[in-house]
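First to last, the protein sequences are chains A and B.
Position 216 of the first sequence, counting from 1, maps to 386 under this note's numbering, and the rest follow consecutively.
Position 102 of the second sequence, counting from 1, maps to 272 under this note's numbering, and the rest follow consecutively.
One or more hints might be untrue.
When chains are identical, the list treats them as one kind, so a pair holds in a single copy or across two.
Derived DSS-like pairs: lysine-lysine, alpha-carbon spacing no greater than 27 angstroms straight-line [stated by the list, open to error]: (1) Lys365 <-> Lys209; (2) Lys353 <-> Lys400; (3) Lys353 <-> Lys340; (4) Lys353 <-> Lys404; (5) Lys376 <-> Lys400; (6) Lys242 <-> Lys431; (7) Lys376 <-> Lys178; (8) Lys400 <-> Lys340; (9) Lys373 <-> Lys353; (10) Lys373 <-> Lys178; (11) Lys340 <-> Lys375; (12) Lys209 <-> Lys376; (13) Lys373 <-> Lys209; (14) Lys209 <-> Lys404; (15) Lys340 <-> Lys431; (16) Lys400 <-> Lys242; (17) Lys373 <-> Lys242.
If you're looking for bench data, these hints aren't it; they were derived computationally from the structure.
Source: prediction; values computed, not measured.
There are 2 protein chains.
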Amino acid sequence: MDQNNWPKDVGIVAVEVYFPSQYVDQSELETFDGASTGKYTIGLGQSKMGFCSDREDINSLCLTVVQSLIEKNNISYNDIGRLEVGIDTTNACFGGTSALFNAINWIESSSWDGRYAMVVAGDIAVYATGNARCTGGAGAVAMLLGPNAPLVFHRGVRSIYMQHAYDFYKPDLSSEYPVVDGKLSVQCYVNALDKCYHMYKSKAKKMGISDNKSLVDSIDSFIFHSPYCKLVQKSFARLMLNDFWDDPDPDFANRYRGLEKYR
Amino acid sequence: MDQNNWPKDVGIVAVEVYFPSQYVDQSELETFDGASTGKYTIGLGQSKMGFCSDREDINSLCLTVVQSLIEKNNISYNDIGRLEVGIDTTNACFGGTSALFNAINWIESSSWDGRYAMVVAGDIAVYATGNARCTGGAGAVAMLLGPNAPLVFHRGVRSIYMQHAYDFYKPDLSSEYPVVDGKLSVQCYVNALDKCYHMYKSKAKKMGISDNKSLVDSIDSFIFHSPYCKLVQKSFARLMLNDFWDDPDPDFANRYRGLEKYR
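So here's chain A without its partners, still in its complex pose:
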């Protein structure tokens, strides 16, 4: 590789997703848990919670997507120069994202050997009885990364935020259940979202990608962390709220009607 040039359009070349076919109906779980009707289905926006049979585990989930990705794209395992695995034993939910970023960095670095990187992320989320259990689930994804990709990772705008907090951790190694403070966890997430969105906006402006007061208008699609579906809706709304706060002269008559009290 030319040491004075970055490879072009590094990103996701192909992707394969798998969820177990068994699931618990969330409205049945409401009844089973004695929760109010709609708490999980409307309140959290969920309908089905996937789970593994005794014929599946995190290894089989991950290997299923790896094999599919290789076979459907007609490539050989020898075409893969780097394998990154991010499962929830490493860095919880961020494990897969971290693996993805490491693989992108590899392709952009002098370590790159010209081959694809493969990123495998999977999780079987199981919680103890209580509020968090209904947000469980299981699934895996495998991604093929390389240059000239249809889904490109823009350079110079990526933003990361980390904070020291005990919202989600596994102090008991003999238990498969994490200790979760759900309310604090959502606060941490929303705070990180605010910080990352601000950093992203300021970098995008500096690089001339966007000078819109509202970045939301200039982007086609957003993807959010989905521990439960409702958080995705709330997160998108949160970006609008940030745009509103950043707007020196908000249009209260139309776009931001009724938001005066949040100023």
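Starting from the structure of chain A, add chain B where the hints point.
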């Protein structure tokens, strides 16, 4: 950062190492284990095996080197843009090396934010009674990585080799002991060393760094994995053996005297 230029001389800017002060004298361990005199001290080339008291664990070892590195180099935690931790729960002995390479890739990629990366690697190696126990130990290292470093990672020559083998693994999550096939593990290591050295030589030749038949002569210093000290000596000798095999016209009269039978 200029997107068309790599940062210069990326490598280790500073390093801090820590070992526990308590140790088992390996000659006493020979007596205790009923092993022949010199088995550990001469055979494996070891004198002391460090261990932790009940006031220390892997977290305190790692935090000790992190704090030392920050304080001795008069920098702030805010000067660190990336933290990589490689302990033996991830990828065994390769965990620290993998963390180091990820950090270097980060600095060479568009993700780099201009700050240092810090890599922390540590291990408390404890084995069940048997052959492997005397190769235990404990320690941690923290490294500060950035451009314009005194210890530079050369580009385009780094070589990695991986193989699927059950020489060292942890099938029993409730035990702190790994399952080790020591003999197979050394075979795997030596095989990987041969492969990496060959790849390194061919890359170094291609990049004009070295066209020596024996690369050993043109390098000031070698660093090897040290599960026990004797393996380091054997590994260095192995490089010479590789050079000998690669030499189309070996000098049996001087340099390679007596090696005819290994041809």
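Which of the stated hints cannot be reconciled with the structure, identified by number in ascending sequence? Those not satisfied are hints 1, 5, 6, 9, 11, 12, 13, 15, 16, 17.
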